[in-house]
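Q: Chains A and B, in that order, give the protein sequences.
When we follow this note's numbering, the leftmost residue of the first sequence carries the number 464, and every step to the right adds one.
When we follow this note's numbering, the leftmost residue of the second sequence carries the number 18, and every step to the right adds one.
Just so you know, the hints here were simulated from the structure itself, not pulled from any lab data.
There's no promise every hint is true.
[What the hints assert, rightly or not] Okay, the calculated bits of chain B under chain A, using three or more residues with CB under 8 Å as the criterion:
hint: 1; stretch: 129-141
hint: 2; stretch: 721-733
hint: 3; stretch: 792-803
For clarity, every value in this text was computed on a predicted model and none was experimentally measured.
Glycine included, C-beta positions come from ideal geometry on N, C-alpha and C.
One letter stands for each residue in the lines below.
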Amino acid sequence: MFAANFEYHRAGSVAEARQLLAAHPGAKLLAGGHSLIPLLKLRLAAPEAVIDIGRIGELRGISNGGGALRIGALTTHAEIASSDAVKSGAAALAEAAGLIGDPAVRNRGTIGGNVAHADPASDLPTVLIALDATFTVNSPDGERSVSAADFFQGMMATALGEHDILTAVNVPAGGGGSAYVKFSHPASRYAVVGAAASLTVAGGTCTSASVAVGGATAVPARCASVEAALAGQALSADVIAAAAAAAGGDLGDDLLGDVFASGDYRRAVTPVYVQRALAAAAERAG
Amino acid sequence: MSSRIFGSGIRRREDPRLITGSALYTHDITLPGMAYAVMLRSSHAHARITRIDTDRAAAAPGVLAVYTGADIEGALQPVPCAWLLPDSGLKIAPYPCIARDVVHYTGDIVAVVVAEELPQAHDAVELIEADYEPLPAVTDPEQAAGADAPQLHAKDVNGDDIAGNQAFHWTVAGGDVDAAFAEAEADGVVIKERILQQRLIPNAMEPRGAVAQYNRATGELTLWNTTQNPHIVRFLCSVVTGIPEDKLRVIAPEVGGGFGSKIAVYPADFITVFCSKQLGRPVKWIETRSENYQATTHGRDHVQDVELAATKDGRITGLRCTVHAGMGAYLSTAAPGIPTILHGLMLSGCYTIPALKEDVYGVYTNGVPVEAYRGAGRPEATFMLERLIDVLAGELGMDPADVRRRNFIPKFDDGHEVITTLNYDSGDYPGALDKLLDHTGYQALRERQAAGPSNGKYLGLGLSSYVEICGLGPSQVAGAIGFQGGLWESAIVRFHPTGKVHVFIGASPHGQGEETTFAQIVASEIGVDAGDVKIFHGDTDATPMGWGTYGSRTTAVGGAALALAVRKIRDKAKVLAAHLLEASVEDMDYEDGKFFVKGSPDKSKTIQDIALMANVAWDLPEGMEAGLEASTFYDPPNFVFPYGAHLAVVEVDAATGQVDLTGYTALDDCGPQINPVIVEGQVHGGVVQGIGQALWEGAAYDDSGQLVTGSMLDYALPRADLLPPIDVISTVTRSPHHPLGVKGIGEAGTIASTAAVYNAVIDALKPLGVKRIDMPFTPERVWRAIQEAKGS
Ligand SMILES: Cc1cc2nc3c(=O)[nH]c(=O)nc-3n(C[C@H](O)[C@H](O)[C@H](O)COP(=O)(O)OP(=O)(O)OC[C@H]3O[C@@H](n4cnc5c(N)ncnc54)[C@H](O)[C@@H]3O)c2cc1C
Numbered sequence: 464m465f466a467a468n469f470e471y472h473r474a475g476s477v478a479e480a481r482q483l484l485a486a487h488p489g490a491k492l493l494a495g496g497h498s499l500i501p502l503l504k505l506r507l508a509a510p511e512a513v514i515d516i517g518r519i520g521e522l523r524g525i526s527n528g529g530g531a532l533r534i535g536a537l538t539t540h541a542e543i544a545s546s547d548a549v550k551s552g553a554a555a556l557a558e559a560a561g562l563i564g565d566p567a568v569r570n571r572g573t574i575g576g577n578v579a580h581a582d583p584a585s586d587l588p589t590v591l592i593a594l595d596a597t598f599t600v601n602s603p604d605g606e607r608s609v610s611a612a613d614f615f616q617g618m619m620a621t622a623l624g625e626h627d628i629l630t631a632v633n634v635p636a637g638g639g640g641s642a643y644v645k646f647s648h649p650a651s652r653y654a655v656v657g658a659a660a661s662l663t664v665a666g667g668t669c670t671s672a673s674v675a676v677g678g679a680t681a682v683p684a685r686c687a688s689v690e691a692a693l694a695g696q697a698l699s700a701d702v703i704a705a706a707a708a709a710a711g712g713d714l715g716d717d718l719l720g721d722v723f724a725s726g727d728y729r730r731a732v733t734p735v736y737v738q739r740a741l742a743a744a745a746e747r748a749g
Numbered sequence: 018m019s020s021r022i023f024g025s026g027i028r029r030r031e032d033p034r035l036i037t038g039s040a041l042y043t044h045d046i047t048l049p050g051m052a053y054a055v056m057l058r059s060s061h062a063h064a065r066i067t068r069i070d071t072d073r074a075a076a077a078p079g080v081l082a083v084y085t086g087a088d089i090e091g092a093l094q095p096v097p098c099a100w101l102l103p104d105s106g107l108k109i110a111p112y113p114c115i116a117r118d119v120v121h122y123t124g125d126i127v128a129v130v131v132a133e134e135l136p137q138a139h140d141a142v143e144l145i146e147a148d149y150e151p152l153p154a155v156t157d158p159e160q161a162a163g164a165d166a167p168q169l170h171a172k173d174v175n176g177d178d179i180a181g182n183q184a185f186h187w188t189v190a191g192g193d194v195d196a197a198f199a200e201a202e203a204d205g206v207v208i209k210e211r212i213l214q215q216r217l218i219p220n221a222m223e224p225r226g227a228v229a230q231y232n233r234a235t236g237e238l239t240l241w242n243t244t245q246n247p248h249i250v251r252f253l254c255s256v257v258t259g260i261p262e263d264k265l266r267v268i269a270p271e272v273g274g275g276f277g278s279k280i281a282v283y284p285a286d287f288i289t290v291f292c293s294k295q296l297g298r299p300v301k302w303i304e305t306r307s308e309n310y311q312a313t314t315h316g317r318d319h320v321q322d323v324e325l326a327a328t329k330d331g332r333i334t335g336l337r338c339t340v341h342a343g344m345g346a347y348l349s350t351a352a353p354g355i356p357t358i359l360h361g362l363m364l365s366g367c368y369t370i371p372a373l374k375e376d377v378y379g380v381y382t383n384g385v386p387v388e389a390y391r392g393a394g395r396p397e398a399t400f401m402l403e404r405l406i407d408v409l410a411g412e413l414g415m416d417p418a419d420v421r422r423r424n425f426i427p428k429f430d431d432g433h434e435v436i437t438t439l440n441y442d443s444g445d446y447p448g449a450l451d452k453l454l455d456h457t458g459y460q461a462l463r464e465r466q467a468a469g470p471s472n473g474k475y476l477g478l479g480l481s482s483y484v485e486i487c488g489l490g491p492s493q494v495a496g497a498i499g500f501q502g503g504l505w506e507s508a509i510v511r512f513h514p515t516g517k518v519h520v521f522i523g524a525s526p527h528g529q530g531e532e533t534t535f536a537q538i539v540a541s542e543i544g545v546d547a548g549d550v551k552i553f554h555g556d557t558d559a560t561p562m563g564w565g566t567y568g569s570r571t572t573a574v575g576g577a578a579l580a581l582a583v584r585k586i587r588d589k590a591k592v593l594a595a596h597l598l599e600a601s602v603e604d605m606d607y608e609d610g611k612f613f614v615k616g617s618p619d620k621s622k623t624i625q626d627i628a629l630m631a632n633v634a635w636d637l638p639e640g641m642e643a644g645l646e647a648s649t650f651y652d653p654p655n656f657v658f659p660y661g662a663h664l665a666v667v668e669v670d671a672a673t674g675q676v677d678l679t680g681y682t683a684l685d686d687c688g689p690q691i692n693p694v695i696v697e698g699q700v701h702g703g704v705v706q707g708i709g710q711a712l713w714e715g716a717a718y719d720d721s722g723q724l725v726t727g728s729m730l731d732y733a734l735p736r737a738d739l740l741p742p743i744d745v746i747s748t749v750t751r752s753p754h755h756p757l758g759v760k761g762i763g764e765a766g767t768i769a770s771t772a773a774v775y776n777a778v779i780d781a782l783k784p785l786g787v788k789r790i791d792m793p794f795t796p797e798r799v800w801r802a803i804q805e806a807k808g809s
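Chain A on its own, in the form it takes in the complex (with noise of 0.2 Å):
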């Protein structure tokens, strides 16, 4: 198919992203286009202006400094997939990027377009809900920080208002190991179930969990009782296995479900996923 008509304009930095926005309201941001495009040539959207930022060099590529990693918005998957302070630093992160699509989609896809599409079944938000990573967003009014917890707002609803631009994702670098896993769909790759786990251990017991699931539910779900369930406990097979038994309960009561997988299987092979996910951070963890 093809696209309705728009205007493409093209942005050399932030500064003349934000002034194409002001003169064109209603016109959308073009990252790596991997969302957006389908979208255009299915004509589900037909925005009359695309203002393209994907060659804005400040906002590609990936620094580490206080204890965070600051990942800006145009990095690429396969960037962040290979990035040595990633794999180190939020080993989960790196691990999702990985698995995402196919290797043409993670050399043209960013995180930034990954988030701020939001797609429920995507599998950053997942790792960054996790992670607790925060979002630092160029508005009209000056620069905000955003949390994962608030940034995430619904199925492909995000705090990013219309003329917001996110320009980094932070995420902190911790001591503790993190993991991801995921159920591919085999025809779209994206995450059926997908379960990000990061855990730090002292003295041979947990000290702090923090596991999300995504893919099952319109925003990623945070497991409160696997994480209670695993703190001050030794992490053994069977402390994982039981405290992630409880990780289906924490999806709620509205689940996405399709044709190829009910939203009742989802929530019941759930726990399976988190159990991988907190054994390998687990192990990572030390």
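Fit chain B with the ligand to the supplied structure of chain A, relying on the hints for placement.
A: Relative to chain A, chain B with the ligand alone:
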């Protein structure tokens, strides 16, 4: 060297152009003054069109014309069905190119827009206002045959009533089935199964399309078309459009796969012709991938209720089945023959079955029309038998391999008639299975399985023994079974003065590699270099008549025609050589491209010498015509029957229902292999398509008849990283009646592999009590089957 080229795995000459992007497909055809057509397709599965307003679309920028059903009235005949199944009460529903009153599936065309530029046509289609009064829809073939089902078509093309959505009712029977079942009920075993052969969407790399160029001055039409059979398109296009066959040229340029979906003739192609004729300009129409899912034919769609009667020691005594075969909204070109002739007649499989009966009901549904899809009827037959044999083995506590052995037809090399009256050509089914089991270490795998699951993963082994019918087929049989065409093939072989060869064939390969294998046939028959042979196909003006590439028939039938044509050349060349060497023909010998006087090999002429002398014609024997050219029409005396045995190995994760195919071995016997690398490629592709049906693929409709698996985001195709290496082995059994002894290999992999994978998964879950799961084996279905078995 050249005589040994038969059997050599030389590289496919097609590949460089295909993989460097220099091949020209229908979409690459661009002509001066060309306009672009886009179809408006029904958004309802079943509805009455109450209003259609094209004014805004017609006024949109660049739009040249908008046509609806009213405009084609009289100009385009309904799309014909070309397989008139006899003795079946066949009722062909009217299949208009553009629906005028009622739409019958969510791809039915209701209007077409032609514009200067393609995007303009897309924009304008959105401006057509079509109002519908929705009618209830039905997409399941069994439900559609039910008493309360919505009725699609009131009358057939002859004005006769169509009742119960029934397109036909066909039966095949042999032996005393009722007695066999009575006996088995009393003192034996009877097994009942329900098998769903789900609807599949063929995914050729290249979607369908047409470029039509009508010349008003000459009244001639050239049609570039993504087809597997350009001569059939010419034939039927002439019927539908009224353009006489002599003024019609159909070109199948590079065609990027078909798998059966490019056999049929389609409304959109005829509409493109109509548009070109109306506007006096070339018109291009290329479907989008979504349109391909929505409107290019689908495959399979059977609901099968089957029963098997056997003795307590595992001998099959009877087979009885009822099949509801979904035909979709209309009967596609070859559709009635697929679930009947190509299915029911193969129900004896590799086995001696003394009595069987099958009732096949072809049923109209509000789905995309169903056609041949790789294997076409035979996978559905093989699956039925191979599944039942495994169930029987389970029932009797026997190894599935032993049940097969107990029932195999013994080795034969010149004909064996089965209960369905087919006469198989040659086969050694026990030998194939034994070799497969040996090669794969079947016993060791069984022992590993007996050790129980490891890490929650259950190991399963699945066998599938198959024989299939291909090389379609004797034309007399074609006539008897209602196929509205012949099934012979032809070849013209022309030697140029320098000894280079042009071959013109009627068959129409589209990815299978016959440009390579056919050059190998010529090279091995007459000693030229394969590189000196060029194969022409796919252009009705340049090639002799042919009936197309499907049913694994191109090498089996077209290859035979070619070999016989080359042999005619050899005979003529021998006479000319004798004349030039002043010897008598009886004293001449031939070897490796050389004709020589017996006993004095230095007194010789090469085929190149002969080609020159025949072409210049300075010194020909009395009565010999100039030139070195021959043509043959080959009508095979029988079909060919390739066979084999496959083994699938799976691991099933009981906690999630995920199936991991960990090993696959295919043993196929297609007779002598002209090019083993190409054979292997065909087996790989075929096997993977069958695996796809078992594990991933399935078209799904919702209650209103909307296709919910409408794109590659939802319809899961096999992916390389989900597949194990496929081990390909073979045995070689010549076909006794074929000039080269060869059989077909294009569909064999698909015919065998679905059942092998299915059997492996159920075998894995046997300890958990699981007996059947509907395909495709989505993790949820597998997981649910495990839960249900646990519960019961
Ligand atoms: C075949 C395929 C398979 C895929 N599989 C997966 C998968 O397995 N897992 C997964 O997580 N994802 C998957 N994706 C999605 C992929 O990760 C996309 O790259 C991603 O969702 C969008 O990133 P993008 O850079 O392409 O964004 P774009 O498509 O350019 O933009 C997406 C949206 O975000 C907005 N946007 C982009 N950047 C910004 C910004 N800096 N500030 C504000 N708004 C912005 C755009 O306006 C648009 O609305 C897949 C995509 C495809 C095509």
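Q: Against each hint, give a clear statement of whether it holds in the structure.
A: Each hint tested on the structure:
no. : hint    : verdict
1   : 129-141 : holds (count 4)
2   : 721-733 : holds (count 7)
3   : 792-803 : holds (count 5)
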